[in-house]
Each structure stands twice: as structure tokens, then as C-alpha cells.
Amino acid sequence: MKIRLLICLIVLLSFADANLNWASAQAQGQTPIHLKVNEHYVLYTYPASPFVDNKNRLLIPLQAAKDILGGKVTYNAASKTASVDLLGRNVTVTIGSPEISVNGEPVIMDTVPIMKSNAMFLPVSILLKDTDAKMEWNPKRELLSLKHDSFTESPVLMNFKGQDLAQVMDANAFDLTSFDWDRKKGILDIYAMYESSLSPDFKQIDFNPMIVYSKGTYSVYPYSRPSMFYKVKITSPGHLVYTRNIDATNADNDYIKYITSVGRLIE
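FYI, the numbering for the sequence shown is -23 to -1, 1 to 244, going by mature numbering (1 follows the signal peptide of the UniProt record, and there is no 0).
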């Protein structure tokens, strides 16, 4: 009986610790990270990061369905209607309406697409339901993890694939929870959790944020040579902050469209 009580107490404490860390991050003005596609955490999508609405659904910009998931998208500004072809399914949605069409058949959602900063945001789950993509929702973290081989070939993620020469020991060693991007100072802080029993060497911590600009150019450190343009600070056992400098625009004055990051342990 005592053993059962001890196990229950440990489980409750682990949930409480995660929830306290989550609340602390939000209180400090950090932006929560809600989306992970294969190994890549999606921090920022122009014009706003993915977010969870009041129906507990994760919304992403329409353009991200093309650039990060590899779908084909169209948008009719007059009717405020978008069409997404992804993994053999066609989904048609309208801003402000729960009524959608899936392969020509009417379906009612429990939420609605919205217009935010002149961009349509829509629930990502409706695009992947009943496909062979894997979706896993972590309610404690409010993190949606998506897995499908084709996502790695999307216009954004294939850029990282072409540079990825790392010898990966653990692709999921670090759970990226939130970030803080100071655009004036050009500083990106990424906050992460990991098993407190892990004692990684500085060079083994692989976040390597990829910055994708509006015209398709991107910035990511090649693994062919070591990079010292970042800092890692252990804030407490099992918690760290990864810091690097980024410019809000590149040499051609293109704005940042996406920021993604891995959370791996490498050799």
C-alpha cells in the first residue's frame, strides 16, 4: 500500500513540476512552443507562432501547411475560403465557419479558422485526420507532435536535411518548451527540459535553429564545422536556455518567415 502511495506521489509531483514550469514560462513573457514536426520544433511562423485556441485546437497559418507540411494550398480572398491538398485529402475551409469539406463531403468542426494579422490560421488536425500521418497531443505540454516521412521533404524542412551531417545519439533528448525572441537586440533564447540524470557536454547539445526568410533563403549552421555562435546555460537540474544571435532581416532585407529547431544529443 505504501509503495502504491509513493508511486502516485511521484507521478503527481512530476505533473506538478511540468505545470509549474509551463506557468513560469508564460508569466515571464516567453512564447510557448506548441508544434513539433518529425524532429523539428516549430517556434515561429509568420505572422505569428502556432497557438492553441479556446477549443483546445492548435492553429497554424495556411501557408505553413504548404511550407512545413508539404501540402498544396490556395486561398480565395473574396470568399475567405482556402483549399488544402495534403496526403491524399482535400480540405476546404472558410474563415469563421465550422463547416468544412473533406474530399467533397461536408463535415462540422468544433472550432473555426480565423484571420490573424492578415493571414488565415486553421486547425492543423483537420488536415491530417484519417491519413497515415501520426498525431500525438500532449495535453500537459499543449504540444502537438506530427510524424510523416514526407514532412522532411517539405520546402522548409528539406533545407535542414541538406545540411544535417550530425551523428545523432538521441533525437529527442531535449524538450523545447518555449522561446523568447528580442527583435531589437537580435537575440533568440530557447528554453528546454531534459532528464536531470543527463550530463551533456556543451558540444553535444544540438538545437541549431534554422531561420527561413520570406524569399526562401535560409540560415543554419553547417555540421561540417563546429559552431561557437551560441551559448548554453543550465538554469537548474533538467532545465537549460540556449541563446544565439539572429537578425530580423537578412542582407536583402527579407523578413523572417519561419524559425525551427531540433533538440538532439549528438556525438
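To be clear, the hints were calculated from the coordinates, so they are not data collected in a lab. Predicted model only: the values in this text are computed from it and were never measured. One thing to keep in mind: the hints can contain errors.
[As the list claims (entries may be wrong)] Think about it this way: if two alpha-carbon atoms lie no more than 30 Å apart in a straight line, the pair counts; the simulated DSSO-like pairs of lysine-lysine are: (1) Lys138 x Lys32; (2) Lys162 x Lys111; (3) Lys43 x Lys124; (4) Lys93 x Lys162; (5) Lys93 x Lys43; (6) Lys32 x Lys106; (7) Lys192 x Lys210; (8) Lys117 x Lys106; (9) Lys43 x Lys117; (10) Lys192 x Lys43; (11) Lys180 x Lys208; (12) Lys162 x Lys208; (13) Lys124 x Lys192; (14) Lys192 x Lys49; (15) Lys117 x Lys192; (16) Lys93 x Lys208; (17) Lys162 x Lys124; (18) Lys161 x Lys111; (19) Lys93 x Lys180; (20) Lys124 x Lys138; (21) Lys93 x Lys106.
So, going through the hints one by one against the coordinates:
1. Lys138 x Lys32: Distance ~34 Å between Lys138 and Lys32 Cα, so the pair is violated.
2. Lys162 x Lys111: 38 Å, violated
3. Lys43 x Lys124: Between Lys43 and Lys124 the Cα gap is close to 16 Å, so the pair holds against 30 Å.
4. Lys93 x Lys162: 26 Å, holds
5. Lys93 x Lys43: 18 Å, holds
6. Lys32 x Lys106: Satisfied, since the Cα-Cα distance of roughly 17 Å is no more than 30 Å.
7. Lys192 x Lys210: 33 Å, violated
8. Lys117 x Lys106: 22 Å, holds
9. Lys43 x Lys117: Holds: Lys43 and Lys117 sit about 28 Å apart, inside 30 Å.
10. Lys192 x Lys43: 15 Å, holds
11. Lys180 x Lys208: 10 Å, holds
12. Lys162 x Lys208: 16 Å, holds
13. Lys124 x Lys192: 26 Å, holds
14. Lys192 x Lys49: The given pair, whose Cα atoms are some 18 Å apart, holds under the 30 Å limit.
15. Lys117 x Lys192: 36 Å, violated
16. Lys93 x Lys208: Violated, because 34 Å separates the two Cα atoms, which is more than 30 Å.
17. Lys162 x Lys124: With a Cα-Cα distance of about 34 Å, the restraint between Lys162 and Lys124 is violated, given a limit of 30 Å.
18. Lys161 x Lys111: With a Cα-Cα distance of about 38 Å, the restraint between Lys161 and Lys111 is violated, given a limit of 30 Å.
19. Lys93 x Lys180: 39 Å, violated
20. Lys124 x Lys138: Between Lys124 and Lys138 the Cα gap is close to 15 Å, so the pair holds against 30 Å.
21. Lys93 x Lys106: 24 Å, holds
The structure is inconsistent with the numbered hints 1, 2, 7, 15, 16, 17, 18 and 19, although it conforms to all the rest.
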